[in-house]
Amino acid sequence: MNNLAPLPVVVPLAGAAVVLFAHAFVPRGVVRLLAGAAVVAEITLAAILLYQARSSTVVYWFGGWTPRAGIALGVSFTVDQLGAAAAVLAGIVVGAALTTTPTLGDGDGDGIVHALFLTLLAAMAGFCLTGDLFNLFVFFELMAVSAFALAAYHTRSLSAMRGALNFAIANSIGAFLFLIGIALLYGRTGALNLAQIGRYLATHGGLDRLAIVALALIVVGLLVKAAVVPFHFWLVDTATSAPIPLVIVLAGVLDTLGIYGIARVYWTAFALPTGGAPALRTVLVATGAVTAGVAGVLSLAFQQPRRRLAFVMVAHTGIILIGVGCLTARGLAASAVYAAGDGMVKAVLFLGLALTGWQAAGATARRAGVLLLAVGGLALAGLPLFATGVGKAAIEAAAARAGSGWVTPVIVGAAALTGAAVIRLALEANAGSVATGDEGRGRWTLPLAMGVLLLGLSAAVALAGDWAARAAARFTATRAYQQQVLSGHAALVSTAGLHLGLPASGLALDLTAVVLAVVLGSGVVAPAAGRLAGTEPLPTVWRGARRLHDGSIGDAATWTTIGTAAIALALASGAR
Amino acid sequence: MSVLAYGVPIWLLVVGLYGIVTSRNLLHQIISLSVVQASTSVLLLTVGFRAGAAAPVFADIPATRPAVDPVVQALSLTDAVVGATVSALLLAVAVQVHKRTGTLDPDALRRRPER
Numbered sequence: 001m002n003n004l005a006p007l008p009v010v011v012p013l014a015g016a017a018v019v020l021f022a023h024a025f026v027p028r029g030v031v032r033l034l035a036g037a038a039v040v041a042e043i044t045l046a047a048i049l050l051y052q053a054r055s056s057t058v059v060y061w062f063g064g065w066t067p068r069a070g071i072a073l074g075v076s077f078t079v080d081q082l083g084a085a086a087a088v089l090a091g092i093v094v095g096a097a098l099t100t101t102p103t104l105g106d107g108d109g110d111g112i113v114h115a116l117f118l119t120l121l122a123a124m125a126g127f128c129l130t131g132d133l134f135n136l137f138v139f140f141e142l143m144a145v146s147a148f149a150l151a152a153y154h155t156r157s158l159s160a161m162r163g164a165l166n167f168a169i170a171n172s173i174g175a176f177l178f179l180i181g182i183a184l185l186y187g188r189t190g191a192l193n194l195a196q197i198g199r200y201l202a203t204h205g206g207l208d209r210l211a212i213v214a215l216a217l218i219v220v221g222l223l224v225k226a227a228v229v230p231f232h233f234w235l236v237d238t239a240t241s242a243p244i245p246l247v248i249v250l251a252g253v254l255d256t257l258g259i260y261g262i263a264r265v266y267w268t269a270f271a272l273p274t275g276g277a278p279a280l281r282t283v284l285v286a287t288g289a290v291t292a293g294v295a296g297v298l299s300l301a302f303q304q305p306r307r308r309l310a311f312v313m314v315a316h317t318g319i320i321l322i323g324v325g326c327l328t329a330r331g332l333a334a335s336a337v338y339a340a341g342d343g344m345v346k347a348v349l350f351l352g353l354a355l356t357g358w359q360a361a362g363a364t365a366r367r368a369g370v371l372l373l374a375v376g377g378l379a380l381a382g383l384p385l386f387a388t389g390v391g392k393a394a395i396e397a398a399a400a401r402a403g404s405g406w407v408t409p410v411i412v413g414a415a416a417l418t419g420a421a422v423i424r425l426a427l428e429a430n431a432g433s434v435a436t437g438d439e440g441r442g443r444w445t446l447p448l449a450m451g452v453l454l455l456g457l458s459a460a461v462a463l464a465g466d467w468a469a470r471a472a473a474r475f476t477a478t479r480a481y482q483q484q485v486l487s488g489h490a491a492l493v494s495t496a497g498l499h500l501g502l503p504a505s506g507l508a509l510d511l512t513a514v515v516l517a518v519v520l521g522s523g524v525v526a527p528a529a530g531r532l533a534g535t536e537p538l539p540t541v542w543r544g545a546r547r548l549h550d551g552s553i554g555d556a557a558t559w560t561t562i563g564t565a566a567i568a569l570a571l572a573s574g575a576r
Numbered sequence: 001m002s003v004l005a006y007g008v009p010i011w012l013l014v015v016g017l018y019g020i021v022t023s024r025n026l027l028h029q030i031i032s033l034s035v036v037q038a039s040t041s042v043l044l045l046t047v048g049f050r051a052g053a054a055a056p057v058f059a060d061i062p063a064t065r066p067a068v069d070p071v072v073q074a075l076s077l078t079d080a081v082v083g084a085t086v087s088a089l090l091l092a093v094a095v096q097v098h099k100r101t102g103t104l105d106p107d108a109l110r111r112r113p114e115r
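In order, the protein sequences belong to chains A and B. For the first sequence, position 2 matches number 2 in the numbering used here, and the numbering has no gaps at all. For the second sequence, position 12 matches number 12 in the numbering used here, and the numbering has no gaps at all.
Calculated from the structure, these hints are not laboratory results. Just so it is clear, CB atoms sit at the ideal spot from N, CA and C, and this is done for glycine as well. Treat each hint with caution, since some may be false.
Pulled a few chain B residues facing chain A out of the computed Cβ check, cut under 8 Å [said to hold, decoys possible]:
id: 1; residue: Val36
id: 2; residue: Gln37
id: 3; residue: Leu43
id: 4; residue: Leu75
id: 5; residue: Thr85
id: 6; residue: Leu90
id: 7; residue: Gln96
id: 8; residue: Arg100
id: 9; residue: Thr103
Reference listing, derived: stretches of chain A covered by chain B, where coverage requires no fewer than 3 residues with Cβ under 8 Å from a Cβ of chain B [unchecked claim]:
id: 10; stretch: 180 to 186
id: 11; stretch: 549 to 558
Label-pair restraints from in silico Cβ distances [unchecked claim]:
id: 12; chain 1: B; residue 1: Ala54; chain 2: A; residue 2: Thr66; range: 20 to 30 Å
id: 13; chain 1: B; residue 1: Val81; chain 2: A; residue 2: Gly362; range: 45 to 55 Å
id: 14; chain 1: A; residue 1: Gly206; chain 2: B; residue 2: Gln73; range: 28 to 38 Å
id: 15; chain 1: B; residue 1: Thr22; chain 2: A; residue 2: Arg28; range: 39 to 49 Å
id: 16; chain 1: A; residue 1: His489; chain 2: B; residue 2: Phe58; range: 26 to 36 Å
Let's have the full structure, built from the sequences with the hints guiding it.
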């Protein structure tokens, strides 16, 4: 038994308690130091787990309730390389986000803010490490609730209140659909442990209608968290109005975890029973493509910088979903590389945006912010120096192998459009015409250092393609996972000779997207770009798109219902 | 009879969603969300129900006696805690909205489309 597995959750939670207790009588510098120490500890512990999981999955049973006769009785943490890597990424992004807490104002709420961020980090780590379906739901909710409290931090801002309401109601609907799916699956299998569910489904009749409906509801719940079209309305509103540190976490890792959850649930519980895969693949790839396309175009339709970046976030989540949606180890590996690199770059965008509005730091801070935005824009378009370029090319290759080669132009287009949106934003910020609404005080070099560090890490992840290919091969080895969890025997998965690969055509497409982004973003083709950027007269479609995103909670709920029905019908009709 | 028991959560889910979609009042909207949550609780308990079985407390009944599933009861308890947390936070936000605008109409919160 390995006793380290729960610590990435326990340490930030304990840190949150300590911070909340101590903040009343220690200076705010100490509060920040305590929170920073807890984050560093989480990263270290998750990194150790990442190392321990190098050859086989680490399984930890809470309270020593190990399986009896192959039946899981307790709750397990089941740590593999991709899960541990996601927990490391969560820690890094939260660390970067905490450097921008000076944007929150006078610092009266410092203790509460840091405690909430540590709770959020603990929930994200637990979500990455757990091997139990209900546990996954609990951490899903803990992420939502702590993030929601942070979104409502500026109680005097009406738009922040709207964003928080939209966030909480949309995510709660998603969570309840998720829970209904869990209840149905429990009724069908009598199990909550993912490995147990998977083994039972495979040996007792495969995927029937009930299991398909359960799968659809679980997938929808996680897609709401991932904020793909048409479940993205809450994110657009929250990213516009929430405090910048929270938006950094949303952009960097929180959204992507929804897709991680789909991968986890699919490969542990639903991969073995045949019958569901083709329909699910179609649904996920199509949803990802629609998301990337629609949000990519809309990222140029809005003036407000945060709204523009919100659509950038949504579009790139769609690209990640396409890779995972191929339901192959190759696609998962590609998405893992892309998600890690892309998450860091998206976090950098908001760090840069925060810097452009940093008070009293003058032109230097603004220029630094502009630089972060510009480099981030190039990376988003897919500059192969960064993991975004490598991962994007690999996702295209994986989609082509899975028979969905038609998504390649969508991915390239979305990357070019979002890159253009960010480059345009950088140019506007350079001219001094961007109002961010957040004014940071104090030292601005810390966020800058974090931005540079994240860009460096994103470049480093580009070299981890082969590692990701091996990790994904283990992640997708369902039988080995079930054997390891339920009978405790380490099952070795042969990963020798696995490579992610970087095809020359993908590289060429990356560079095409970068050039397109620069051309579109810098306004070389001025008239067309000017119309896209919203100068009058607006085409009707654009006006409609803006009206649609006016922050109505009822509309968002309507779209969630429609999306749920569509996905459930598509899965059910494709299954039998 | 058991079909009816599964009909209740479906009905609660549908009316709850309808309430959220059509609501003209934030309090009504938040309570509609609680109705959606109630559907999950009812479903969980229905899934674990066995006709004629006792409550799963074995202090005063023989351990061999059939009992309803205690796991789903634990799950619905967790569900209730989550629902209460979300409702409390949402109500706090609704109070702030009322303080600022003097109304609880969600439409008062709508963004002007031109941004």
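* Hint numbers not upheld by this structure, sorted from lowest to highest -> Hint check: 9 fails alone, others pass.
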